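Visitor: Join the two chains, each given in its own frame, into one complex according to the hints.
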Amino acid sequence: RKEVEQDPGPFNVPEGATVAFNCTYSNSASQSFFWYRQDCRKEPKLLMSVYSSGNEDGRFTAQLNRASQYISLLIRDSKLSDSATYLCVAQAGNFNKFYFGSGTKLNVKP
Amino acid sequence: EAGVTQFPSHSVIEKGQTVTLRCDPISGHDNLYWYRRVMGKEIKFLLHFVKESKQDESGMPNNRFLAERTGGTYSTLKVQPAELEDSGVYFCASSLGTARFFGPGTRLTVL
Numbered sequence: 009r010k011e012v013e014q015d016p017g018p019f020n021v022p023e024g025a026t027v028a029f030n031c032t033y034s035n036s037a038s039q040s041f042f043w044y045r046q047d048c049r050k051e052p053k054l055l056m057s058v059y060s061s062g063n064e065d066g067r068f069t070a071q072l073n074r075a076s077q078y079i080s081l082l083i084r085d086s087k088l089s090d091s092a093t094y095l096c097v098a099q100a101g102n103f104n105k106f107y108f109g110s111g112t113k114l115n116v117k118p
Numbered sequence: 628e629a630g631v632t633q634f635p636s637h638s639v640i641e642k643g644q645t646v647t648l649r650c651d652p653i654s655g656h657d658n659l660y661w662y663r664r665v666m667g668k669e670i671k672f673l674l675h676f677v678k679e680s681k682q683d684e685s686g687m688p689n690n691r692f693l694a695e696r697t698g699g700t701y702s703t704l705k706v707q708p709a710e711l712e713d714s715g716v717y718f719c720a721s722s723l724g725t726a727r728f729f730g731p732g733t734r735l736t737v738l
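If you read the protein sequences in the order shown, they are chains X and H.
So the first sequence is residues 9 to 118, counted in our numbering.
So the second sequence is residues 628 to 738, counted in our numbering.
Derived from the structure by calculation, the hints contain no laboratory data.
Predicted model only: the values in this text are computed from it and were never measured.
Be a bit skeptical, because a hint or two may be false.
Claimed, not checked - Here are the simulated DSS-like cross-link-like pairs (lysine-lysine), alpha carbons at most 25 Å apart as the crow flies:
{"hint": "1", "chain 1": "X", "residue 1": "50", "chain 2": "H", "residue 2": "671"}
{"hint": "2", "chain 1": "H", "residue 1": "642", "chain 2": "H", "residue 2": "668"}
{"hint": "3", "chain 1": "H", "residue 1": "681", "chain 2": "X", "residue 2": "105"}
{"hint": "4", "chain 1": "X", "residue 1": "53", "chain 2": "H", "residue 2": "678"}
{"hint": "5", "chain 1": "H", "residue 1": "671", "chain 2": "X", "residue 2": "10"}
{"hint": "6", "chain 1": "X", "residue 1": "105", "chain 2": "H", "residue 2": "678"}
{"hint": "7", "chain 1": "H", "residue 1": "668", "chain 2": "H", "residue 2": "705"}
{"hint": "8", "chain 1": "X", "residue 1": "105", "chain 2": "H", "residue 2": "705"}
{"hint": "9", "chain 1": "H", "residue 1": "668", "chain 2": "X", "residue 2": "10"}
{"hint": "10", "chain 1": "X", "residue 1": "113", "chain 2": "X", "residue 2": "50"}
{"hint": "11", "chain 1": "X", "residue 1": "50", "chain 2": "H", "residue 2": "668"}
{"hint": "12", "chain 1": "X", "residue 1": "117", "chain 2": "X", "residue 2": "53"}
{"hint": "13", "chain 1": "X", "residue 1": "113", "chain 2": "X", "residue 2": "10"}
{"hint": "14", "chain 1": "X", "residue 1": "87", "chain 2": "X", "residue 2": "50"}
{"hint": "15", "chain 1": "H", "residue 1": "678", "chain 2": "H", "residue 2": "705"}
{"hint": "16", "chain 1": "X", "residue 1": "50", "chain 2": "H", "residue 2": "705"}
{"hint": "17", "chain 1": "X", "residue 1": "53", "chain 2": "H", "residue 2": "671"}
{"hint": "18", "chain 1": "X", "residue 1": "105", "chain 2": "H", "residue 2": "668"}
{"hint": "19", "chain 1": "X", "residue 1": "10", "chain 2": "X", "residue 2": "53"}
{"hint": "20", "chain 1": "H", "residue 1": "671", "chain 2": "X", "residue 2": "113"}
{"hint": "21", "chain 1": "X", "residue 1": "105", "chain 2": "H", "residue 2": "671"}
{"hint": "22", "chain 1": "X", "residue 1": "53", "chain 2": "H", "residue 2": "668"}
{"hint": "23", "chain 1": "H", "residue 1": "668", "chain 2": "X", "residue 2": "113"}
{"hint": "24", "chain 1": "H", "residue 1": "642", "chain 2": "H", "residue 2": "705"}
Unchecked claim - One side of the interface only, derived from the structure: several residues of chain H facing chain X at Cβ under 8 Å:
{"hint": "25", "residue": "672"}
{"hint": "26", "residue": "682"}
{"hint": "27", "residue": "683"}
{"hint": "28", "residue": "729"}
To be verified - A short, non-exhaustive set of chain H residues, derived as facing chain X with CB atoms under 8 Å:
{"hint": "29", "residue": "675"}
{"hint": "30", "residue": "726"}
{"hint": "31", "residue": "727"}
Built from N, CA and C at the ideal position, the CB exists for glycine as well.
With the rest of the complex left out, here is chain H (with noise of 0.2 Å):
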């Protein structure tokens, strides 16, 4: 079975350009989350997507941050304009029940 996947494994761009992120998670797995990593740090949550439906995004930074899910399938995290607190690894995990299982991440540099 197929794990989550996340596209790109790594992204370097400049300030106050877009990135957008997309994950796949596993087939069947109604919760997707998206945390991210910073240098030095823990990994923090964002959001949490039920199907396509928004549960909790507590954790998105701000406004320059766009989570979507349509169809509830993978979903992609935008960010714009990247400002450069935005580099991290970015990972996405699915589950369908309580342990959440993490796709490769995505590197994002933001320069």
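Here chain X stands alone, though its shape is the one from the complex (with noise of 0.2 Å):
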């Protein structure tokens, strides 16, 4: 079983939209948790940290749900230059490995 588990989609919206992926986690002992864009061949990004009590940072917001066990990132308002893939990732054990999901593909078209 993975330990971060992601859609790998593509969602595909059109600019002005409002998208929203989830991400779930299968070690409840995972302290951090992040969402990192990685544009094609490129390195991945840190977007945003997910914090309990859920973070906005411009069109972006981050929830964290540890009952349930997942995260999500809603994009507000989506421009072209948001389309990459999305990657989720949580933060777990004595070393604080990080866990990468496979990632989310968005396409954001005209």
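Guide: Written out as structure tokens, the structure is:
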């Protein structure tokens, strides 16, 4: 069983749409969570950390539900430049190891 | 401030050959990580250095992989001898705290 599961997509949405991704994690002891963005053939870049109380950064909102062991990312008013793969990460274990989901691909179309 | 850099960006080698990948972390970052993504799979942890010491190498696939970080600055990851299944993108990351900052990766192709 994978540590972190994501719907691979692709999610094809028009500009201006709101889109949400979910991600589930299997280790209930996971301590920290992140969303990374990865453009084609580039490195993952930190988009935002995910806090228990939920957090917002501009058009992006991240939520954590520990009881159900899932994390969500909401993107409002999608831009063409939001097209990328979004990686969900859970951090767990003695050495704070990162466990990646396989990513959700988003295509924002004009 | 310079980010994490990796060299080479691409490497194509034949099965049985040796390849050495290099990572230069962000200056001042004690933590250095190696990850790998093989085609169609998620990014997976290989190992973690704190300064020059291996903190966790539980993700290293087998003894054909050797990572070093002499002096606690840059790190190398050597694959010897390379096998077909070693093909993938090898990412290095560094951190001070929790969040990792990734390098551009080395795309390794073993023929």
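Visitor: Under the criterion that the straight-line Cα-Cα distance not exceed 25 Å, is the pair residue 10(X), residue 53(X) satisfied?
Guide: holds (22 Å)
Visitor: Take a quick look at whether residue 53(X) and residue 671(H) sit within 25 Å of each other, Cα to Cα.
Guide: Judged against 25 Å, a Cα distance of about 16 Å means the pair holds.
Visitor: Between the alpha carbons of residue 642(H) and residue 705(H), is the straight-line distance 25 Å or under?
Guide: Since the Cα atoms of residue 642(H) and residue 705(H) sit roughly 14 Å apart, the hinted pair holds (cutoff 25 Å).
Visitor: Check whether the Cα positions of residue 50(X) and residue 668(H) lie no farther apart than 25 Å.
Guide: Holds - the C-alpha atoms of residue 668(H) and residue 50(X) are around 16 Å apart, at most 25 Å.
Visitor: Under 8 Å, Cβ to Cβ, is where residue 682(H) needs to be relative to chain X, so tell me if that hint holds or is violated.
Guide: The hint holds - residue 682(H) has a Cβ within 8 Å of chain X, the shortest such distance being about 6 Å.
Visitor: Next pair to validate is residue 53(X) with residue 668(H); report whether the Cα-Cα distance is within 25 Å.
Guide: With a Cα-Cα distance of about 18 Å, the restraint between residue 53(X) and residue 668(H) holds, given a limit of 25 Å.
Visitor: For residue 113(X) and residue 50(X), compute the direct alpha-carbon distance and say whether it is at most 25 Å.
Guide: Holds, at roughly 14 Å.
Visitor: Taken at face value, is the distance from the CA of residue 113(X) to the CA of residue 671(H) at most 25 Å?
Guide: Holds - the C-alpha atoms of residue 113(X) and residue 671(H) are around 18 Å apart, at most 25 Å.
Visitor: Given the hint that residue 105(X) pairs with residue 668(H), does the C-alpha gap stay at or below 25 Å?
Guide: Measuring from Cα to Cα gives roughly 18 Å; hence the hint holds.
Visitor: For residue 668(H) and residue 113(X), compute the direct alpha-carbon distance and say whether it is at most 25 Å.
Guide: holds (14 Å)
Visitor: Please work out if residue 50(X) and residue 705(H) have their alpha carbons no farther apart than 25 Å.
Guide: holds (22 Å)
Visitor: Less than 8 Å between beta-carbons is the criterion; does residue 683(H) satisfy it with respect to chain X?
Guide: Residue 683(H) check passes; min Cβ-Cβ to chain X is 4 Å, inside 8 Å.
This entry satisfies every hint, going by the numbered hints stated previously.
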